[in-house]
Each structure stands twice: as structure tokens, then as C-alpha cells.
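First to last, the sequence lines map onto chains A and B.
In terms of my numbering, the numbers along the first sequence are unbroken and rise by one, the last being 437.
In terms of my numbering, the numbers along the second sequence are unbroken and rise by one, the last being 263.
Since the hints were made in silico from the structure, they are not lab data.
The structure presented is a predicted model; accordingly, all values stated were derived computationally and were not measured.
Do not rely on the hints blindly, as some may be mistaken.
[Stated by the list, open to error] With a Cα cut of at most 25 Å, we get these calculated SDA-like pairs of lysine to any residue:
| id | chain 1 | residue 1 | chain 2 | residue 2 |
| --- | --- | --- | --- | --- |
| 1 | B | Lys146 | B | Val129 |
| 2 | B | Lys226 | A | Asn69 |
| 3 | A | Lys431 | B | Ile235 |
| 4 | B | Lys222 | A | Arg390 |
| 5 | B | Lys112 | A | Tyr425 |
[Unchecked claim] Using C-beta positions, here's what the derived DEER-type ranges look like:
| id | chain 1 | residue 1 | chain 2 | residue 2 | range |
| --- | --- | --- | --- | --- | --- |
| 6 | B | Leu161 | A | His428 | 32 to 42 Å |
| 7 | B | Pro150 | A | Asp72 | 28 to 38 Å |
| 8 | B | Glu236 | A | Lys354 | 51 to 61 Å |
| 9 | A | Lys427 | B | Glu236 | 23 to 33 Å |
| 10 | A | Glu257 | B | Pro150 | 51 to 61 Å |
| 11 | B | Asp175 | A | Phe282 | 20 to 30 Å |
| 12 | B | Gly238 | A | Lys354 | 54 to 64 Å |
| 13 | A | Glu213 | B | Glu174 | 46 to 56 Å |
| 14 | B | Asn255 | A | Lys354 | 47 to 57 Å |
| 15 | A | Asn218 | B | Tyr145 | 51 to 61 Å |
| 16 | A | Asp96 | B | Gly238 | 51 to 61 Å |
| 17 | B | Gly258 | A | Gly321 | 24 to 34 Å |
| 18 | A | Asp273 | B | Pro150 | 43 to 53 Å |
| 19 | A | Leu85 | B | Asn190 | 46 to 56 Å |
[To be verified] Over 12 Å on every C-beta distance to chain B, these chain A residues come out as not near it, computed from the model:
| id | residue |
| --- | --- |
| 20 | Asp44 |
| 21 | Leu83 |
| 22 | Lys118 |
| 23 | Asn197 |
| 24 | Glu232 |
| 25 | Ile234 |
| 26 | Asn255 |
| 27 | Asp273 |
| 28 | Glu353 |
| 29 | Leu359 |
| 30 | Lys408 |
Quick reminder that beta carbons are idealized off the backbone N, C-alpha and C, glycines included.
Here is how the chains run, residue by residue.
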Amino acid sequence: MKKENELRNKKRYIIIGNSASGVSCIEGIRENDKEGEILVFSDEDYFNYSRPLISYYLAGKLKEDQLNFKDEKFYEKNNVKLFLKTRCEKIDLKDKILFTTYGKFNFDYIFIGTGGKPIIPDIKGIEKIKNGLFTFTKLNDAKKLERYIEDKKVKEVVILGGGLIGLKCAEGLISKNIFVKIVELSDRIFANTFDNIASEIVENKLKENNCEIIKGNTIEKVNTKDGDLKEVILKDGKKIKANVLVIAIGVVPNTEIIEGINIKKNKGIIVDEYMKTNIPFIYAGGDVAESIEFDGNISVIAIWPRATKQGKIAGINMSGGSKKYEGIFIMNSIEFFGIPTISFGITNPKDEKRCEILKKIDYEKKIYKKIVINENKIVGGIFLGDIERAGILNGLIKNRIDVSSFKNLLLDEKFGLLILPETYRKHIVKGEGIEV
Amino acid sequence: MVKRIIIREEYCIGCRLCEVHCITKHSKTKDIIKTYKGHEPKPVSGIYFEELGHISFAIQCRHCEDAQCIEACLTGAMYRNENTKAVLHNKEKCIGCWMCVMVCPLGVIKIDKENKKVASKCDLCIEEGFPACVENCPNEAIILVNEKGERIEK
Numbered sequence: 002m003k004k005e006n007e008l009r010n011k012k013r014y015i016i017i018g019n020s021a022s023g024v025s026c027i028e029g030i031r032e033n034d035k036e037g038e039i040l041v042f043s044d045e046d047y048f049n050y051s052r053p054l055i056s057y058y059l060a061g062k063l064k065e066d067q068l069n070f071k072d073e074k075f076y077e078k079n080n081v082k083l084f085l086k087t088r089c090e091k092i093d094l095k096d097k098i099l100f101t102t103y104g105k106f107n108f109d110y111i112f113i114g115t116g117g118k119p120i121i122p123d124i125k126g127i128e129k130i131k132n133g134l135f136t137f138t139k140l141n142d143a144k145k146l147e148r149y150i151e152d153k154k155v156k157e158v159v160i161l162g163g164g165l166i167g168l169k170c171a172e173g174l175i176s177k178n179i180f181v182k183i184v185e186l187s188d189r190i191f192a193n194t195f196d197n198i199a200s201e202i203v204e205n206k207l208k209e210n211n212c213e214i215i216k217g218n219t220i221e222k223v224n225t226k227d228g229d230l231k232e233v234i235l236k237d238g239k240k241i242k243a244n245v246l247v248i249a250i251g252v253v254p255n256t257e258i259i260e261g262i263n264i265k266k267n268k269g270i271i272v273d274e275y276m277k278t279n280i281p282f283i284y285a286g287g288d289v290a291e292s293i294e295f296d297g298n299i300s301v302i303a304i305w306p307r308a309t310k311q312g313k314i315a316g317i318n319m320s321g322g323s324k325k326y327e328g329i330f331i332m333n334s335i336e337f338f339g340i341p342t343i344s345f346g347i348t349n350p351k352d353e354k355r356c357e358i359l360k361k362i363d364y365e366k367k368i369y370k371k372i373v374i375n376e377n378k379i380v381g382g383i384f385l386g387d388i389e390r391a392g393i394l395n396g397l398i399k400n401r402i403d404v405s406s407f408k409n410l411l412l413d414e415k416f417g418l419l420i421l422p423e424t425y426r427k428h429i430v431k432g433e434g435i436e437v
Numbered sequence: 110m111v112k113r114i115i116i117r118e119e120y121c122i123g124c125r126l127c128e129v130h131c132i133t134k135h136s137k138t139k140d141i142i143k144t145y146k147g148h149e150p151k152p153v154s155g156i157y158f159e160e161l162g163h164i165s166f167a168i169q170c171r172h173c174e175d176a177q178c179i180e181a182c183l184t185g186a187m188y189r190n191e192n193t194k195a196v197l198h199n200k201e202k203c204i205g206c207w208m209c210v211m212v213c214p215l216g217v218i219k220i221d222k223e224n225k226k227v228a229s230k231c232d233l234c235i236e237e238g239f240p241a242c243v244e245n246c247p248n249e250a251i252i253l254v255n256e257k258g259e260r261i262e263k
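Excised from the complex, chain B in its bound form (with noise of 0.2 Å):
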């Protein structure tokens, strides 16, 4: 089942709970008390989040059909989940050669320098179902939808 993130700016208020909630969602605990305030490492998130002037928006990876990032990887890091077709990364592959963050078109993948790794990258919650961050969007700025295109509510 190919499930996709829209974006709808224009209903954005610059909350930035999705980033909250996708940093939540990917730490260890779950416990957004624990994440923020606990002793590990605070996951990055998946959403890089934007605002200039009034206007605002999250973006995650498009999971694009033609992605540029697979065809870069030179670890075969990047790939395709054959089921959701999301594209996910491997971080035990992952070298930190950058070719995935110099071909993707929307600048998406965060990077951690320290170690030479990609840090984040959305995988649209794929083992929990459905994704954090459209689960606590309260204006549905983004939103789930189908292939068809059909929204998904959890």
C-alpha cells in the first residue's frame, strides 16, 4: 500500500508540533517528557521546517518514484521498501558520502557530520503506521493519502 504526505503551506500555522512529535515518535522512550528532557541523545527529526515571513511550512522526504538518492547511493544505503515503496536508509551502510544530499531536489536529507552519517530521514512512520507528524498537524497542513490520492485517517 503506497502511502504519500501532501503539504498544504497555505494551512500551516508554524506550530512545528510535527517536528515535536517525529522527534518523539523515533527516540527510544516515545515519551515526549523523556525525549526532550532525558538523558539519551535527542533523535534529529525527519521534517526539515521552514519560515519566512508569514508563511511557513514542514517538509519531509517525497519518497519520490524516480529518487534521485537511490540511483546516487554508493553503499546502497538508500532504498526502496518493496511493499510501502518508501524509501528508506540503512545506517549501518551509510558512509556519509553526501551523493544522496547533492541530488535531492528539495534538500531534505540532514546530515550529521560527526558521524559521517545520514542523521534523518522520514520513513513515514512506516513501523508504526501511520506518521507522526500528520497525526498531530492541528490545522491539517499535511495530511496521509492513498495511492488514489483518497485521504487516510487514522
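Isolated chain A (complex conformation) (with noise of 0.2 Å):
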């Protein structure tokens, strides 16, 4: 197979993962490469769906067939040979051979887009749980999740872990009417993102709402009984009873296919500015990948849009182009309960003292706006309640603008282009190429 490619003079990628950065990998190899052979392995049985939407779906605002964020006309008009329930084993470097439950297959490039999978912390006695132990990453966690509930007409659920992704499977699971307790081992939920005051909003909303948030605890221990998780022991000895624990503590790279070679990671996969692993044919993107990001620290910063630009940066240089990815800060936008939030970068700083807090409060209206500068740039910010012009923000920090001339003006009714310094405005409204 590999001569016959070689005499057409045709390349094969294969792509490892079918989510954000995967898909997006495929329209970035189409940019430059409209001949070569894609192959896009994915071991789920969908031919795409968008994995941050399983909480609508499990709160039934979106149903099955509304998941997808590409139509199935993208893979037929990209030529695209998708394998659905099909593993990857193993990735031979030295005779450029995958291994799969499916065979295996000779390539050129690689890219890997394995994403996170769940953290599952040693809490004693889990190992015996057979019945009602849940994480919520995927579309199948969210149908098994929905289907137990239904069967054992579940009331009550214990969710460890109040960030992103405890807090998202807590909303579906309010709004089905189930009684929901969040166990978070810091003293505030979403604390990674928000600070004091926005989590202290967010987590009254939640109360509000039928939902009891257990903080500065975690869980030791389960009992279980046949296999059907009976109640779960906290730190402090507090008893809930419970029949249904989801873990929800954060993911990890899923870095399963490189074990045992000659690729490099620290956390997730390393790879440079071009998002080229160690080895020159492998590529890898999204939520496996450890890139030097905006702070110019290495990490792995799991959202979304990261993804979908890494994915793409790999398939336009894999396919022969030659472009730079630049780095992102964490951002988030998220909305929990019709209150639209959205942070970016550094929302709480360590050292106050260096920086200069921007904030605006109105516990009414349920608005907030925070924004934190240091040496006059603006390095995070939360929006909270009133989010509509927040992107502006966004670009301020990843311009490096520096804002003491207008910082006044930042939480102020005028906040809009028109604050900002001529000359960046006019750079961000004139578009590329484009003189005004």
C-alpha cells in the first residue's frame, strides 16, 4: 500500500481522534494538500459530535442529532475515510505503520488529537463500584449517565469536583430534577477561573436552584453493596448516602498511544511552535498537547478554541505550509443557570499587591466586572452578568495594549472601541491587507 502511495506521489495523513482539534486538522491539510489521503480514526461510534455539549444534552435542550458541529458533508467533501470504533494501538516509527483494532496502515504523517481523559482519584473502595460511578466527558458518559437516572429512577446525585466540568453536569442534572451535591476541595466552586466574588454569585444561584455545594471536603471513602454504590464517606466523616458518584476532578492528556516510544511529553505531548512532535512526521494538538503558550510558560491549557487553532496549524504544516502558532491565555465562557460568564487569564492574582483591580459590582442585577492589571496591561478579567463587548478585552490582553491612557474608562458605560488608542483601534477594525 505504501509503494502505491508513493507511486502516486500521494501522501497519507492520519488523523488520531475525531474531536475539535482532529476535524480541525483536516480542513488545515486541505488548505494545502487537496490530493492526499486522510484517514481519521476515532474509537467512538459518532461520526461528530461536539463533546462541550453533552450538558445540553443531558439536560434535553439538544438532542442526539443537533451534537454534531461539522454535517457529514464535510468528511464526503474533504475525502475523508473515517474509521468509527476503531482503537489505535500502537504507531510503529521506524516502518511508519499504526496499528489498529482495525488493521493496521502504512502513513506519512500522523497527527495526534487524543484530547483528556478523566482524572479518577484513589478514594477507598471505588475499585468496587459496578453500578453508579460516572464521569462526564463524553456523549456516552452523558447517555449512560441519563439512562441509569431513568432506570433507577435516581433522585439524588454526588458530583466530586465544582469546576467546569461538575458544575456543567450539575446544571443538566438540575433541570431533570435531580437533587445534586457537589463535593469541591477548595473553598469556593470554580475557583481555578473565577474569584471570590463571581464563584460566590455563581454558587448562590446554584443553592438557589435545589443544588448543595459541600466545600473545603473531598471524598475518602465508598461503600458499596453487590456493586451498587450505597454512600460515600467525606474527609471530615460526614455520611451521604448515595447511589450515583460522578468524577468530575479535571482531566489529563490522554496520551495512551505513545507508551513505550520515542516520543516526547512531560504532562501531554511536546510540541513546538509548528506543533511538530520530537519526531518530524508526528504532529499532535488540543487537549493532549503541551505547546509554549501565551505566558511563555509550556502547559496544557484544555478549551476549545486552542484545539481547534492547534489542529489546524498542524494540518497546514504537515501538508507542507509553514505557519506559527502563538500562543493562547485560559479562557472561558460559560453560562450557568441565564447568567452569561466569561473570564480570561488571571483572574486572581497571587500577588495582589503588584497588581491593580478594576471592579464594578451590582449583587442586584447579578453584574460583575473585574479586571487585573499589571504594569499596565491588562492580564485577566471576569464578565460577569453583562458580557456583550467582553471580546474587547480579549484583545487587549493578547495585544499587549498598554492601558493606562484609558483604564478609567475600562468598567465604564463608554467601555467600546472608541476608548481605545487610535492606532489600535484602527489596526483591529481595518482587517488584514486592508488600508484605511
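Given two chains presented individually in distinct reference frames, assemble the corresponding complex, making use of the accompanying hints.
As C-alpha cells, then:
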């Protein structure tokens, strides 16, 4: 097969993973190479779906056929061979062969976009749970949870972890009239992204919606009977009756595919600014990849826009282009029970004295805005309740704009493009290649 | 054919006619009086009009080449029209996750909180061929140009 490829001078690209980064990689490859073969492997059974939407599915807001972010024509149009329910097991770097549960395949390039997998903590007795233990990152997780709750007529669920995944899962369950208890190790929810005030506003909203939040605590032990979960025991000894436990304390890069082979990894697979690993024909991107980010550090930031950016850049470079990844900072846009929130970068600086912090709060209207400035540049911010022009702040962070001349207007009602320095405004307004 | 709207803020007189005509063109009747005084809900304008002191200007989606909103969209609702290269928005797919709002450095995407949808986004009046805002700007503060930057007149 390889010989045939060589004769036709046609490249074969293999993409492992069919989520945000993998799909964007297809688009990147096709920018340069319309002829090459693209094979996409997924161990799931869905031609395409958006993982962040599973909480909408659980809540009943979206049906299964509404979860796709690309339609079936996309794969057809891009001439992609999609292998579903196929697990990739090993890459032979020497002979350039990929071993899968569907057989082996030669390749010229591989893109690894295997994403993250949930962290399962070391809880006493957890291995004995046969029924009632769930995670919440894939569509099948949401389906299993939904089915279990219906079949067993579950009324209460314990979620371990008050971060993004735990909270979105909680929201989905609450809208099904399930009573949810969130156990969070930190002293507040969404602690990685929010500050005290934003956490408090969202916590209050959760409590109003029949959700109990147990903070500064964790689950130490679980009790089961014949494999059915019966009870969770917290660090402080408190016992909670529970038939369902959802583990949502975070994800780690899913690097199984490179185990035992010479591809460098730290937490994630290490890639350079072209999304290339230490092996010139193996690329990686998205939640599995560790790359140099906006702050200059090499890290994994598990967010959708990073995955799509990196997948596309990898695709462009694999197919002969040359595009550099510029790095990103953490950002999230999440709505909790009708309160929209957008947060960027450092919202809770460790060294508050060195930073200047601007705040504006209206508890009644549930509007909160915070901007963190360091050395005259914005390094982070929170928009809660009123988010419409939050993107302008994103641009100011990304372009490292000195805000000293207009910072008094950043939280003003007049906040908009006109308060920005004229040169920057004209720069972002004109678009590429067009003079104003 | 790729077209772009260019903003010349020096010429903006702050009349907001761009907004009026954008709203009218995106209404069912396309009639200015019926749009403003009729019973149907008035569409939201795709233009952000800003005024500060003596400066004013109107901005709409720039249809960026490297469109951050398309990259960030969780549902595929934000997409590029392959022929015109305009960035368009499919309301059916939109669930109001506001990822586009988060990444647009111009902050020009308007939201409809009630219905959890992007409320409005400039579509370059793609179906009609010529943007209503440009057509009705009395002082050429917004003009339409082609790929080479040459001005296109209706």
C-alpha cells in the first residue's frame, strides 16, 4: 500500500481523534493538499459531535442529532475516510505503520488529537463500584448517566469536583429535577477561573436551584453493596447516602498511544510552535498537547479554541505549509442558570499588591466585572451578567496594549472601541491587507 | 468575490442611518415605517454604533480572514460562506454559548439573552448584493471595496 502511495506521489495523513483538533486538522491539510489521503480514527461511534455540548444533551436542550459541529457532508467533501469504533493501539515509528483494532495502516504523517481523559482519584472502595460510578466528558458518559438515572429512578446525585465539568453536569441534572450535591476540595467553586465574588454569585444561584455545595472537603471512601454504590464518606467523616457518583475533578492528556515509543511528553505530548513532536512526521494538538503558551510557559490549556487552532496549524504544516502557533491564555465562556460569564487569564493574582484591580458589582442585577492590570497591561478579567463586549478585553490582553491612558473607562458605560488608542483601533478595524 | 466594508471614522457624522437601514433590510417587510411602527419584533441591527465626545463611528463584523469566532464556536453555527468569504451565522445551530463573544476583539457580536442566540451579526447583506449601511451612508463613512481594495459602488 505504501509503495502504491509513493508511486502516485500521494501523501497519507492519519488523524487519531475526531474531536475539535482532529476535525480542524482536516481543514488545515486541505488548505494545501487536495489529493492526499486522510484517514481519521475514532474509538467512539459518532461521526461527529461537540463534547462541550453533552451537558445540553443531558439537560434535554439538544437531541443527539443536534450535537454535531460538522455535518456528514464535511467528511465527504474533504474526501476523508472515517474509521469509527476503531482504537489505535501502537505507532511503529521505524516502518511508519499504525496498528489499530481494524488492522494496520502505513502513513506519511500522523496527527495525535486524542484529547483528555478524566482523572479518577484514589478513593477507598472505588474499584468495588460496578453500578453508580460515572465520568462526564464524552457523549456515551452522558447517555449512560441519563439511562441509569431513568432506570433506577435516581433522585440524588453526588458530584466530586466543582469545576467546569462538574458544574455543567450539575446544571444538566438539576434541570432533570435531580437533587445534586457537589463536593469541592477548594473553599469555593470554579476556583481555577473565578475570584471569590464570581464564585459566590454562581454558588448562590446553584443553591437557589436545589443544589448543595460542600466545600473544603473531599470523598475519602465509598461503600457498596453487591457492586451498587450506597454511600460516600467525606474527609471530615460525614456520610452521604448516594447511589450515583460523578467524578469531575479534571482531565489529563490522553497519551496512551505514545506509551513505550520515543515521543517526548511531560504531562502532555510536547510540541513545538509548528505542532510537531520530536519526531518530524508526528504532530499533536488540543488537550493532549503541551505547547508554549501566551505567558511563555509550556503547558496544556484544555479549551476548545486552542484545540481548533492547534489542529488547523498542524494540518497546514503537515501538508507543506509553515504556520506558527502563537499561544493562548486560559479563557472560558460559560452560562450557569441563565447567568452568562466570560473570564480571561489571571483573575485572581497571587500577588495582589503588584497588580491593579478594577471592579464593579451590582448584586441585584447579578452583574460583576473585574479587570486585573499588571504593569499597565491587562492580564485577566471577569465579565459576569453583562458580557456583550467582553471580547474587546480579550484583544487588549492578546495584543499587550498599554491601557494606562484609558483605564478609567474600562468599566465605564462608554466602554467600547472608541475608548481605545486610535492606532490600535484602526489596526483591529481594518482587517488584513486593507488600509483605512 | 470577496468584498469588505471599510470604516472611515473621520467622515462619520453620527446620523445612525446605517443602523436604521440595516434593521429595515433585515426585517420581514423591508419597509422602514412598517419595521419601526409595525407589530413584528424589530430585528437587531448588525452594526455597533459608538459615540464618544465628538467622534462617532459605526462598525460591523469585519469578516476576518483568521476568524476567531469560527474557531471558537462549539456548535458549528458560525461559518464561512465559501464563495463570498463572509462569516455568517446559523441561528438554528446556535445555542448561545457566547464563545464567539469571548473571542471577537471588536466586540461586535450582539446577544439575545432571552432566546440564547447570537442576536445579530453583519451578513454583508449577502442575499441582496449590496450592504444597506453602505448604500445609505450620506457621507461615505462606510464604503465597500473588493479584494484589491478598489471601491465598489452600487
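We went through each hint and held it up to the structure:
The hinted pair formed by Lys146(B) and Val129(B) meets the criterion: a straight-line CA distance of about 13 Å does not exceed 25 Å. Straight-line distance between C-alpha atoms of Lys226(B) and Asn69(A) comes to about 17 Å, which keeps the hinted pair within the 25 Å bound. As the CA atoms of Lys431(A) and Ile235(B) are separated by approximately 20 Å, the hinted pair is consistent with the 25 Å bound. Our distance criterion of 25 Å between C-alpha atoms is met by Lys222(B) and Arg390(A), whose separation comes to about 14 Å.
At most 25 Å may separate the alpha-carbon atoms for a hinted pair to count; Lys112(B) and Tyr425(A) meet this at roughly 23 Å. Distance hint check for Leu161(B) and His428(A): the Cβ-Cβ separation is about 18 Å, which falls outside the suggested range of 32 to 42 Å. The beta-carbon spacing between Pro150(B) and Asp72(A), approximately 30 Å, falls within the hinted interval of 28 to 38 Å. In this structure, Glu236(B) and Lys354(A) meet the distance hint of 51 to 61 Å, their C-beta atoms being roughly 56 Å apart.
Between Lys427(A) and Glu236(B) the beta carbons are some 30 Å apart, a value that agrees with the proposed interval 23 to 33 Å. At about 52 Å, the beta-carbon gap between Glu257(A) and Pro150(B) stays in the expected band of 51 to 61 Å. About 26 Å separates the C-beta atoms of Asp175(B) and Phe282(A), a value consistent with the hinted range of 20 to 30 Å. Remark: the range hint 54 to 64 Å for Gly238(B) to Lys354(A) is upheld by a beta-carbon distance near 58 Å.
Range check, Glu213(A) to Glu174(B): about 49 Å between beta-carbon atoms, so the 46 to 56 Å window is met. Distance hint for Asn255(B) and Lys354(A): a CB-CB separation of about 54 Å, consistent with the stated range 47 to 57 Å. For Asn218(A) and Tyr145(B), the Cβ-Cβ distance of about 57 Å falls inside the hinted range of 51 to 61 Å, so the restraint holds. With their beta carbons about 56 Å apart, Asp96(A) and Gly238(B) fall inside the hinted range of 51 to 61 Å.
Separation of Gly258(B) from Gly321(A) is about 29 Å and conforms to the stated range, judged on CB atoms against 24 to 34 Å. Between Asp273(A) and Pro150(B) the C-beta distance comes to about 51 Å, which sits within the given range of 43 to 53 Å. For the pair Leu85(A) and Asn190(B), the supplied restraint of 46 to 56 Å is violated, since their beta-carbon distance comes to about 30 Å. The Cβ of Asp44(A) lies farther than 12 Å from every Cβ of chain B, with a closest approach of about 22 Å, so its non-interface assignment holds.
Listed as outside the interface, Leu83(A) is consistent with that label: its C-beta sits roughly 17 Å from the nearest C-beta of chain B, beyond the 12 Å cut-off. No beta-carbon of chain B comes within 12 Å of the beta-carbon of Lys118(A); the shortest separation is about 20 Å. The Cβ of Asn197(A) sits about 22 Å from the closest Cβ of chain B, beyond the 12 Å cut-off, so the non-interface label holds. Distance check on Glu232(A): its Cβ is at least 36 Å (rounded) from any Cβ of chain B, clearing the 12 Å threshold; non-interface status holds.
Listed as outside the interface, Ile234(A) is consistent with that label: its C-beta sits roughly 37 Å from the nearest C-beta of chain B, beyond the 12 Å cut-off. Asn255(A), annotated as away from the interface, keeps every beta carbon of chain B farther than 12 Å; the closest lies near 20 Å. Taking the minimum C-beta to C-beta distance to chain B, about 20 Å, the non-interface status of Asp273(A) holds against the 12 Å cut. At roughly 25 Å, the least C-beta separation between Glu353(A) and chain B is larger than 12 Å, which holds for a residue marked as non-interface.
Every C-beta of chain B lies more than 12 Å from that of Leu359(A), the closest at about 17 Å, which supports listing it as non-interface. The beta carbon of Lys408(A) sits about 15 Å from the closest Cβ of chain B, which is more than 12 Å, so the claim that it is off the interface holds.
Hints 6 and 19 from the list above are not met by this structure, while the remaining hints are.
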